[in-house]
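Protein chains in written order, with the working numbering: chain P, 1 to 276; chain D, 1 to 71.
Simulated from the structure, these hints should not be mistaken for lab results.
Not close to chain P: a few residues of chain D, all C-beta gaps over 10 Å, as computed:
id	residue
1	A21
2	V22
3	N24
4	S25
5	L26
6	K27
7	E28
8	T29
9	E30
10	R31
11	V32
12	A33
Mimicking DSSO-like on lysine-lysine, the simulated pairs with C-alpha atoms at most 30 Å apart in a straight line are:
id	chain 1	residue 1	chain 2	residue 2
13	P	K25	P	K241
14	P	K43	D	K27
15	D	K36	P	K25
16	D	K13	P	K43
17	P	K127	P	K88
18	P	K34	D	K13
19	P	K241	P	K169
20	P	K43	P	K76
A virtual CB, placed ideally from N, CA and C, is assigned to each residue, including glycine.
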Amino acid sequence: MATLRELELRLKSVKNIEKITKSMKMIASTKLAKAQRAMQSGKEYGLANSEIFQHTIAEEKDASKKKLVIVVSSDKGLCGGIHSSVSKFTRRALGQTGGEEPTIDPESPIAVIGDKSKAQIQRVLSKNLTLTFNQIGRDVPTFADAASVADLIQKSDVKYDSIVLVHNKFVSAISYEPTSVEVPNEAQLKESAGFRSYEMEDDVTKDLAEFVLANAIYSALAEAHACEISARRNAMDNASKNAGDMIGALTMQYNRGRQAAITNELVDIITGASAL
Amino acid sequence: MSATWRSVFTYNKYAQITARAVRNSLKETERVAAEKRGLTTVRYQHWENGVGGQQTVLNPELEKAPGKPAV
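Okay, chain P solo, but in the shape it has when bound (with noise of 0.2 Å):
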């Protein structure tokens, strides 16, 4: 049982954490919306491609193909379980979690971006890292994040068939999970059958190969921007009411502890006045 100072200076840090987690709470409720917009444009980007990708590759599960995997999350935390999701995810479709099978190559090269994710990654996927992204997932990510990212990707030498994307897809205000789209690079698509049936130019093929990379950066970083405000808010409101429960249990303690020190005076008064 602490002493009434104790509990005094308990209450008060409780009440404070509780304004902090409820104005966390306002502001991602505010940032939502104008977060779902943008989600809502850039999930076309992402149609488009999977438009083109449809007509064009043929299914071909070949677990030999050298991939890329890019790992979409963000810098901040307080925002649930947005970047271990992910990383989650990722570790089991490379294996690292026991038990289970790698649906890709456990030696891939990984890019993350946003730095949480990159701290999980780097704790258990080291030796795969070859590019790491941060400062993006401050505000609504633009289409020039995404064009830099596919931009450095391709400067950088690293080898790759195809490009996996894993990132939160978002399933309604209150839900998401850890989904992952595959984007072919520039020779897959020269040499699948859509492509070799209209003689595609050289360059216009290169041009889209990058273009749809970054046409699905985009779409990914729109989806993951809005699930993590969603997980944000959802977090920050249950803290709020985790620490609203905090408050009445102690004021409870207080209250009773202070009831039973005035009881203690008033027993002493009475037996030192009836001594008389």
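Since the structure of chain P is already known, use the hints to place chain D on it.
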């Protein structure tokens, strides 16, 4: 005759340059709104064998050290 820019930079960089030209040619009010869509403050880092390299900024002229907002 294929364009000569392909040997210098990627299509994405080409698109960003043309987009910047279009944005700069807009009317003042629209231009201010469009400028935000062209902003990127990405930093990157190459990794070798589990060791990170230098953190480099892509657009150093945009680093004006603004205050960090709360989440």
